[in-house]
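**Student:** Sequence:
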Amino acid sequence: KRFIEQSLFLSGIPSFPSFNKMTGVFAYESSEVDWCEDNYKHSENVVEYFNTMSSFIFFVISPIMLYLLHPYAKERNLAVHLVWIMMVFVGLFSLYFHMTLSFMGQMLDELSILWVLAIGYSLWFPCRHFPSFIKDRRMFSHMVLIITVISTLSSFIKPTANAYALNCFAIHILYCLFVELRSCTDERVLRLAWASIGLWVLAISCWISDRFGCSFWQKLDFCYLHGIWHILIVVATAYGSTLIAYLDASLEIPHSLPDLQYWPRNKWSVGLPYIVLKGTTKTRKRC
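The working numbering numbers the first residue of the sequence shown as 3 and each following residue consecutively.
Keep in mind that the hints are not guaranteed to be accurate.
[To be verified] Dumping the calculated DSSO-like pairs for lysine-lysine here, alpha-carbon to alpha-carbon at most 27 Å:
1. Lys-76 x Lys-137
2. Lys-280 x Lys-76
3. Lys-221 x Lys-43
4. Lys-280 x Lys-269
5. Lys-76 x Lys-269
Note that these hints are calculated values from the structure, not bench results. Quantities reported herein were computed from a predicted structural model and do not represent experimental measurements.
Using the sequences plus the hints, can you model the full thing?
**Tutor:** Structure follows, in structure tokens:
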């Protein structure tokens with residue numbers, strides 16, 4: 003930044019406050035958020051090394067889930083792939099944020115998570131729970147899009163607005179999932195639900211402990227909980243999104259006879275869950 007200002011001065015071009023403000027949001031450590039990991043400990047160019055490196059887990063899990071969920075997406079809606087395509091961007095922006103701790107990195111990181119939730123919300127929210135003024139899923143998706151765009155723009159004016167939007171989406175999704183599971187008796191589905199909740203609780207615990215218990219972990223010389231959060235939240239997203247997609251498939255495309263399986267080996271009942279469609283064209287009801 004200082005080099006740019008000097009260059010502008012020598013060239014006779016004035017350094018406008020708006021330009022300074024714009025370049026400032028990209029500056030290293032311009033974000034007010036600083037995680038527990040020691041800064042610049044392992045690299046002069048990377049502020050939080052392990053938090054940055056752990057972000058690569060997004061680039062590993064996302065392509066696998068895109069491949070595993072393709073049969074379901076092909077039958078249901080190819081827009082399902084947008085969830086995991088956006089998760090790649092979450093990983094990219096998370097990597098950029100922890101590498102620089104810049105304000106722009108923070109905003110991109112948080113907003114990409116908001117858009118993942120918004121896409122999942124518009125795709126999988128049960129039709130029977132739509133507000134009375136909503137006629138179909140297309141209209142519902144447009145409403146979610148408008149709200150998400152407004153929240154995105156508001157975040158640059160008031161950054162804390164993004165946190166409220168994220169919490170509103172997440173809490174409502176959890177509530178609706180609880181309502182859907184109340185009548186479920188399939189043990190495998192319930193086991194996946196409990197695993198999803200367990201992973202989510204562990205992930206949130208790591209996030210909270212790193213954010214608010216940093217002094218304790220510094221005494222133990224273990225300041226890597228936010229990096230562990232990255233790993234846990236990706237796996238929790240894989241479990242949770244597959245669970246929601248399975249419930250959606252059971253309601254919207256029951257003729258496909260959806261079933262839950264695990265990669266790399268189904269017999270283990272651990273790994274990455276995905277949906278197998280056992281139905282054929284003969285199982286589809288025709289009028």
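**Student:** Evaluate each hint against the coordinates.
**Tutor:** Against the structure, the hints:
1. Proximity of Lys-76 to Lys-137 is assessed by CA-CA distance (about 24 Å); at most 27 Å being required, the pair is judged to hold.
2. Distance restraint check for Lys-280 and Lys-76: the Cα-Cα separation of roughly 14 Å lies within the 27 Å cut-off, and the hinted pair is therefore satisfied.
3. About 17 Å separates the Cα atoms of Lys-221 and Lys-43, which keeps this hinted pair within 27 Å; it holds.
4. A C-alpha spacing of about 17 Å is found between Lys-280 and Lys-269, which places the hinted pair at or below 27 Å, so the restraint holds.
5. For the hint linking Lys-76 to Lys-269, the alpha-carbon distance of about 25 Å falls within 27 Å, and the restraint holds.
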